[in-house]
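Chain residues, written in single-letter form:
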Amino acid sequence: MNISTTLFDVGGLARENLSSLSAADVNRPPARRQGVSLSLEGLSKSFGERAVLHDIELQLQPGEFVAVVGRSGCGKSTLLRAIAGLETVEQGTIAVGKGAIGSSIRIMFQEARLLPWKTVLENVALGLPRSLNAAAATLNTVGLGERANDWPAELSGGQRQRVALARALLHEPQLLLLDEPLGALDALTRIEMQQLIESLWLARGFTAVLVTHDVQEALALADRVVLIEEGRITLDLKVDLPRPRARGNAAFAALEQQLLESILHPAPARQAGKIAAAA
Amino acid sequence: MAQAKNKSPSALAPWILPVTLIVLWQVASQAGWLSSRILPEPWAVAKAFWALAVSGELWVHLRTSLWRAASGFAIGAGLGLLLGLLTGSFRRAETLLDTTLQMVRNIPALALIPLVILWFGIDETAKLFLLAVGVFFPVYLNTFHGIRSADQGLIEMARSYGLSGWPLYRDVILPAALPSILVGVRFSLGLVWVLLIVAETISAQAGIGYMTMNAREFLQTDVVLVGILLYALLGKAADLASRGMEKRFLRWNPAYR
Numbered sequence: 001m002n003i004s005t006t007l008f009d010v011g012g013l014a015r016e017n018l019s020s021l022s023a024a025d026v027n028r029p030p031a032r033r034q035g036v037s038l039s040l041e042g043l044s045k046s047f048g049e050r051a052v053l054h055d056i057e058l059q060l061q062p063g064e065f066v067a068v069v070g071r072s073g074c075g076k077s078t079l080l081r082a083i084a085g086l087e088t089v090e091q092g093t094i095a096v097g098k099g100a101i102g103s104s105i106r107i108m109f110q111e112a113r114l115l116p117w118k119t120v121l122e123n124v125a126l127g128l129p130r131s132l133n134a135a136a137a138t139l140n141t142v143g144l145g146e147r148a149n150d151w152p153a154e155l156s157g158g159q160r161q162r163v164a165l166a167r168a169l170l171h172e173p174q175l176l177l178l179d180e181p182l183g184a185l186d187a188l189t190r191i192e193m194q195q196l197i198e199s200l201w202l203a204r205g206f207t208a209v210l211v212t213h214d215v216q217e218a219l220a221l222a223d224r225v226v227l228i229e230e231g232r233i234t235l236d237l238k239v240d241l242p243r244p245r246a247r248g249n250a251a252f253a254a255l256e257q258q259l260l261e262s263i264l265h266p267a268p269a270r271q272a273g274k275i276a277a278a279a
Numbered sequence: 280m281a282q283a284k285n286k287s288p289s290a291l292a293p294w295i296l297p298v299t300l301i302v303l304w305q306v307a308s309q310a311g312w313l314s315s316r317i318l319p320e321p322w323a324v325a326k327a328f329w330a331l332a333v334s335g336e337l338w339v340h341l342r343t344s345l346w347r348a349a350s351g352f353a354i355g356a357g358l359g360l361l362l363g364l365l366t367g368s369f370r371r372a373e374t375l376l377d378t379t380l381q382m383v384r385n386i387p388a389l390a391l392i393p394l395v396i397l398w399f400g401i402d403e404t405a406k407l408f409l410l411a412v413g414v415f416f417p418v419y420l421n422t423f424h425g426i427r428s429a430d431q432g433l434i435e436m437a438r439s440y441g442l443s444g445w446p447l448y449r450d451v452i453l454p455a456a457l458p459s460i461l462v463g464v465r466f467s468l469g470l471v472w473v474l475l476i477v478a479e480t481i482s483a484q485a486g487i488g489y490m491t492m493n494a495r496e497f498l499q500t501d502v503v504l505v506g507i508l509l510y511a512l513l514g515k516a517a518d519l520a521s522r523g524m525e526k527r528f529l530r531w532n533p534a535y536r
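As given, the protein sequences belong to chains A and B, one line each in that order. Each residue of the first sequence is one higher than the last, beginning at 1 in the working numbering. Each residue of the second sequence is one higher than the last, beginning at 280 in the working numbering.
One chain only, chain A, in its complex shape:
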C-alpha cells in the first residue's frame, strides 16, 4: 500500500495551487505545454465484496489525451474519481507529475454541478473569488461572456457544461479529468463541445483523461483509447489520426469498428496489452 497522501485529501486537491495563482498571473496567457505526466500502478479497488478495479496500470505522457471507454459499470468512472482523489483505493499508486506537490487537477462531472444560487460568473470564479476578471475572460473563451450575470437555471444543458469547463480551466489545471461531461447533451451540442474541448486542449496543453461511453467521441478527441472491462484494462489503442478528425474518414471508421468489436464481443482469451492500430 503506497498512496501519495496529498492526492487523497479531497479538500487538499488543489489548495496548494490556489495561493500561487495570484492576480499577477491573471493577464498572462495560459502557459503552453502545462500538462503533467500521470502514472497509475497496480491500482485496485473494491466496494465491499465486489472488485471494481483490478491491478490497473496506465502511463500518460505530459499533455497526452487519453479516453477511457467501457460498458456502464465497468469501473471507468471509479478510476477517474480515484485519480481525482474523490475515491480511495486499496492498493497501488497514483503519481501525478514528478511527484511534485501542487500539480493542479480539475474534474468535470457528468452534471455541470453549478451552484444555482450564484451567477454564471461567480460559479466560474468558485474557489478564486478575487479573480473575477480572469473568470470573465475564461467565460469568453467558452463563448458565454454575455451570460456572466445570468443564473445557471437560465442556461441550457450544453451552456452549463461550458460554464463548468470554464470553471475548471480558470484554475489552469495540469491534469483535466472529464467524467462523461457530454453524456447528457444532444448530438449537435456534443460535437460542438468536443471541438471546444479539443481546441482548448491544443491551446493549453494540459493532460486530459476523458471517461466516455461514446466510441466516436473517444476517437475524435483522444491520442489513445483505453478499454476497461470488469475493472481491467483489456485494450490500449493508439489513435494515429491527424487533427481535426473527420468522422466520415475511412481510417476513423475502421478504428471505430475495431473498438466496437472489442466492446461488444469481449474475448476472454484476448491478451490484455497494447494493440497498436495501423491507421
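Hints listed in this document are in silico derivations from the structure and should not be mistaken for laboratory results. There's no promise every hint is true.
Listed below are several chain A residues computed to face chain B (Cβ distance under 10 Å; list not exhaustive) [as the list claims (entries may be wrong)]:
| id | residue |
| --- | --- |
| 1 | Leu128 |
| 2 | His171 |
| 3 | Glu172 |
In this text the structure is predicted, and so the values were computed from the model without any measurement. Yeah, the Cβ is synthetic: ideal placement off N, Cα and C, and Gly gets one too.
Take the given structure of chain A and dock chain B to it, following the hints.
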C-alpha cells in the same frame, strides 16, 4: 407573455369570492335573516373597527399583540435555526440533542399551558414561552432537513475546488438549505398567530385576544368580529412577508421568480 396579458383579471380573481360573501352577508343582515347578536352586519363591524381605531384602543392592543408575536417568533425561530444548523452540521450534536428534541416535539405546545402557568404565572413570560416553544420546532426540523439534504454532488464539487470550512458552509451548504429553512419560517409565522390567540385568551390585560374575550363578556359581537378579522389580516401580512423573503433570497430559483 400569457401571464402578463392576463394580469388584470387574475389580480382581481382571488377577491371575487370574499367580496361576494361580504355583500351576501350585508344583504342577509339588512333583510333581517341574521340576528345582530349572532352576526352583526359588515357595516356595523366596520363602524366598530373605526370607533376602536379613533379611540386609540385598537392600536394599543395591536401593538401589544405584534410585540408578543415578534419576540416569541424571534426567540423560538432563532433557537430553532441555531440548533437545526448545529444538529444538521455536526453528527455529534445530532446524537446528543436530536432524540430529546424529537421527544419534546411530540408534546403539543398548548398542552404545556397548565405547566407554563405554574412556572411563570400569567404574565408576559408565560406567553412568550408558549409562542417560542410552538414556533421552535417547524424551524428546527426544516433547518435540520435542509442541511442534511444539501446536494452531495455540489459539496463534493466545491471541496474539489478547494472550498472547506466556513466558505464551504456559506457558499454551498447554507444556500442549499435555505429553501427548506424558509418553509419552516413560513409555517412558523402561520403558527405564531394561532398560539398567540390561545395565549392571549388565557389571561391578559391587553392584546387582540384580550380585546376579543372582553367584548364577548359584554356581548359586543361586532368587536369580537373585529378581533377575528385582525387576526386574519395579520396572518395574511405574515404570509406576504415570508413570500417576500422567499422571492428575495431564492431569486435564483425559477420556482420563486
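Here is how each hint holds up against the structure:
no.: 1; hint: Leu128; verdict: 8 Å, holds
no.: 2; hint: His171; verdict: 8 Å, holds
no.: 3; hint: Glu172; verdict: 13 Å, violated
Checked against the numbered hints given earlier, the structure breaks only hint 3 and satisfies all the rest.
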